[in-house]
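Kindly produce the complete structure, drawing on both the sequences and the hints.
Protein sequences appear in the order of chains W and X. Converting from the first sequence to the working numbering requires adding 4 to each position, the first position being numbered 1. Converting from the second sequence to the working numbering requires adding 401 to each position, the first position being numbered 1.
The hints are simulated quantities; they were obtained by calculation from the structure and are not laboratory data. Treat the hints with caution; some may be incorrect.
The calculated lysine to any residue pairs, modelled on SDA-like cross-linking and capped at a C-alpha distance of 20 Å, are [claimed, not checked]:
id, chain 1, residue 1, chain 2, residue 2
1, W, K61, X, G500
2, X, K450, W, N105
3, X, K450, W, P43
4, X, K450, W, L92
5, X, K450, W, L85
6, W, K61, X, K514
7, W, K61, X, G501
8, W, K61, X, K450
9, X, K450, W, G7
10, W, K61, X, V497
11, X, K450, W, Y108
12, X, K462, W, G7
13, X, K462, W, T106
14, X, K469, W, G104
15, X, K450, W, G104
16, X, K450, W, G103
17, X, K462, W, Y108
18, X, K450, W, H33
19, X, K514, W, P43
20, W, K17, W, T106
21, X, K450, W, T99
22, W, K61, X, S404
Part of the chain X face toward chain W, derived, beta carbon under 8 Å [to be verified]:
id, residue
23, L445
24, L447
25, Y451
26, G501
27, F507
Backbone N, C-alpha and C fix where the C-beta goes; we use that ideal spot for every residue, glycine too.
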Amino acid sequence: KAGVTQTPRYLIKTRGQQVTLSCSPISGHRSVSWYQQTPGQGLQFLFEYFSETQRNKGNFPGRFSGRQFSNSRSEMNVSTLELGDSALYLCASSTETGGGNTIYFGEGSWLTVV
Amino acid sequence: AQSVTQPDIHITVSEGASLELRCNYSYGATPYLFWYVQSPGQGLQLLLKYFSGDTLVQGIKGFEAEFKRSQSSFNLRKPSVHWSDAAEYFCAVGGVLTGGGNKLTFGTGTQLKVEL
Chain W
5 KAGVTQTPRY
15 LIKTRGQQVT
25 LSCSPISGHR
35 SVSWYQQTPG
45 QGLQFLFEYF
55 SETQRNKGNF
65 PGRFSGRQFS
75 NSRSEMNVST
85 LELGDSALYL
95 CASSTETGGG
105 NTIYFGEGSW
115 LTVV
Chain X
402 AQSVTQPDIH
412 ITVSEGASLE
422 LRCNYSYGAT
432 PYLFWYVQSP
442 GQGLQLLLKY
452 FSGDTLVQGI
462 KGFEAEFKRS
472 QSSFNLRKPS
482 VHWSDAAEYF
492 CAVGGVLTGG
502 GNKLTFGTGT
512 QLKVEL
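Dropping the structure here:
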């Protein structure tokens, strides 16, 4: 069974541009969450989607957005990139939402903003 | 304030020695508890989790963790460390107490170095 797949793995963007990251969850998983990992702030929750609906949102500006498709695949978008958005973005999936579920992570997308 | 704390930023152990990584949480009740490991340049791999029941939890790769309600702790242990265990370890909490859904709140991580 394939794991959580994230694309692209590495990308470099210029300040002010926008970026879209993609996540394919494990087959049968309907919950997809996104996290940002930086050396200074650590691992921070961005948002969770379940059955195409945003269930939960972290404390990030509106430049960070996401969506989920009917096949559970998810994308996150960051507009007007800032240097501080350079990070590892991790996607995680689970069968259900509501807590108490095993959550599986992908290998992440490394974003560098120059 | 509600939080999860990993007091040790770096730990160095010799190969074959025992290991204990500390994790404390500060919530009104017991959240769901997790330990994840991250190798350089990789994503997070779940080692083990605690939701309820037996307070000693067995995980993958020979790891175990003990939940102690009185100390609000969930420490990770391994009897004999292998060089391949060198990585960063994250304690995480989840459930209604931390925001609901599948949201996880992570500690700051402990970087484990293994000396040969």
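Each hint tested on the structure:
{"no.": "1", "hint": "K61(W) <-> G500(X)", "result": "holds, 9 Å"}
{"no.": "2", "hint": "K450(X) <-> N105(W)", "result": "holds, 9 Å"}
{"no.": "3", "hint": "K450(X) <-> P43(W)", "result": "violated, 25 Å"}
{"no.": "4", "hint": "K450(X) <-> L92(W)", "result": "violated, 24 Å"}
{"no.": "5", "hint": "K450(X) <-> L85(W)", "result": "violated, 36 Å"}
{"no.": "6", "hint": "K61(W) <-> K514(X)", "result": "violated, 34 Å"}
{"no.": "7", "hint": "K61(W) <-> G501(X)", "result": "holds, 10 Å"}
{"no.": "8", "hint": "K61(W) <-> K450(X)", "result": "violated, 23 Å"}
{"no.": "9", "hint": "K450(X) <-> G7(W)", "result": "holds, 19 Å"}
{"no.": "10", "hint": "K61(W) <-> V497(X)", "result": "holds, 14 Å"}
{"no.": "11", "hint": "K450(X) <-> Y108(W)", "result": "holds, 12 Å"}
{"no.": "12", "hint": "K462(X) <-> G7(W)", "result": "holds, 19 Å"}
{"no.": "13", "hint": "K462(X) <-> T106(W)", "result": "holds, 17 Å"}
{"no.": "14", "hint": "K469(X) <-> G104(W)", "result": "holds, 19 Å"}
{"no.": "15", "hint": "K450(X) <-> G104(W)", "result": "holds, 9 Å"}
{"no.": "16", "hint": "K450(X) <-> G103(W)", "result": "holds, 12 Å"}
{"no.": "17", "hint": "K462(X) <-> Y108(W)", "result": "holds, 17 Å"}
{"no.": "18", "hint": "K450(X) <-> H33(W)", "result": "holds, 19 Å"}
{"no.": "19", "hint": "K514(X) <-> P43(W)", "result": "holds, 18 Å"}
{"no.": "20", "hint": "K17(W) <-> T106(W)", "result": "violated, 33 Å"}
{"no.": "21", "hint": "K450(X) <-> T99(W)", "result": "holds, 16 Å"}
{"no.": "22", "hint": "K61(W) <-> S404(X)", "result": "holds, 18 Å"}
{"no.": "23", "hint": "L445", "result": "holds, 4 Å"}
{"no.": "24", "hint": "L447", "result": "holds, 7 Å"}
{"no.": "25", "hint": "Y451", "result": "violated, 10 Å"}
{"no.": "26", "hint": "G501", "result": "holds, 6 Å"}
{"no.": "27", "hint": "F507", "result": "holds, 4 Å"}
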